[in-house]
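All chains, full assembly: derive it from the sequences and hints.
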Amino acid sequence: MTDRFEIEVDTTKANEFWHAEVEENLRRRPNKRRKDKPPSSHDESAQRSLRPRRRPAGSIDAGSARAHDDERPRRPGGRGSTTPAPVSDPQRAAALREATQRDRERYLSWGLQPVDCRFCHVSVLVRKLGPGHTSVQWSSEAAQRCAYFATVREAGGDTARIPTCPKLADSIDHAIAEGILEPVPSTPPPGDG
Numbered sequence: 001m002t003d004r005f006e007i008e009v010d011t012t013k014a015n016e017f018w019h020a021e022v023e024e025n026l027r028r029r030p031n032k033r034r035k036d037k038p039p040s041s042h043d044e045s046a047q048r049s050l051r052p053r054r055r056p057a058g059s060i061d062a063g064s065a066r067a068h069d070d071e072r073p074r075r076p077g078g079r080g081s082t083t084p085a086p087v088s089d090p091q092r093a094a095a096l097r098e099a100t101q102r103d104r105e106r107y108l109s110w111g112l113q114p115v116d117c118r119f120c121h122v123s124v125l126v127r128k129l130g131p132g133h134t135s136v137q138w139s140s141e142a143a144q145r146c147a148y149f150a151t152v153r154e155a156g157g158d159t160a161r162i163p164t165c166p167k168l169a170d171s172i173d174h175a176i177a178e179g180i181l182e183p184v185p186s187t188p189p190p191g192d193g
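Per the numbering used here, the very first residue in the sequence shown carries number 1; after that it's consecutive.
Think of the hints as simulated: they come from the structure by calculation, not from any bench. Any given hint could turn out to be false.
[Said to hold, decoys possible] Here are the simulated lysine to aspartate or glutamate pairs, DMTMM-like style, with alpha carbons at most 25 Å apart: (1) Lys167 - Glu178; (2) Lys167 - Glu141; (3) Lys167 - Glu154.
Please read all numbers here as calculations on a predicted model, not as lab measurements.
Given below as structure tokens:
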């Protein structure tokens, strides 16, 4: 694959009630002990959750019965129930190819605009979907030429684990300020009409 996809999400403006919400959710879970609170020897729910569950011999777990339910008829050719059967009608196959191409255009290339990094001059495709969501499509050449990624690779790091190039993020903000890139797309995606 020659393209690298990166999604950049602004998490610096987290919900101010996030920590309180997490603490409240942890308090609501009676059988789960918190890391900062060891279970007491008198805590019956903690003792009960540590014991293995026993089932009578010959019983079947309801979850495993659903997971391995073989009563549904299989499609010919050994294909799974969710995999579409091969299309034998040429008109239907052409329509399916056309719909697939429209979906590919809609999800991968709609709204992408070229933005050049002002630091290392690589060109990437960018779609801004809102104040906290930026989609960046890197080509293999751009990922190799990016100066920030090159320094990370030289230091032995993995560029796939880096959220984004900070210089490119500045260039995207600059492109929005200059009106080259829309902060929110003004046109709907193809097919949403």
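Now for the hints, and whether the structure bears them out:
A C-alpha spacing of about 16 Å is found between Lys167 and Glu178, which places the hinted pair at or below 25 Å, so the restraint holds. Simply put, Lys167 and Glu141 have alpha-carbon atoms about 17 Å apart, close enough for the 25 Å limit, and the pair holds. At roughly 18 Å between alpha-carbon atoms, Lys167 and Glu154 fall within 25 Å of each other, so this suggested pair holds.
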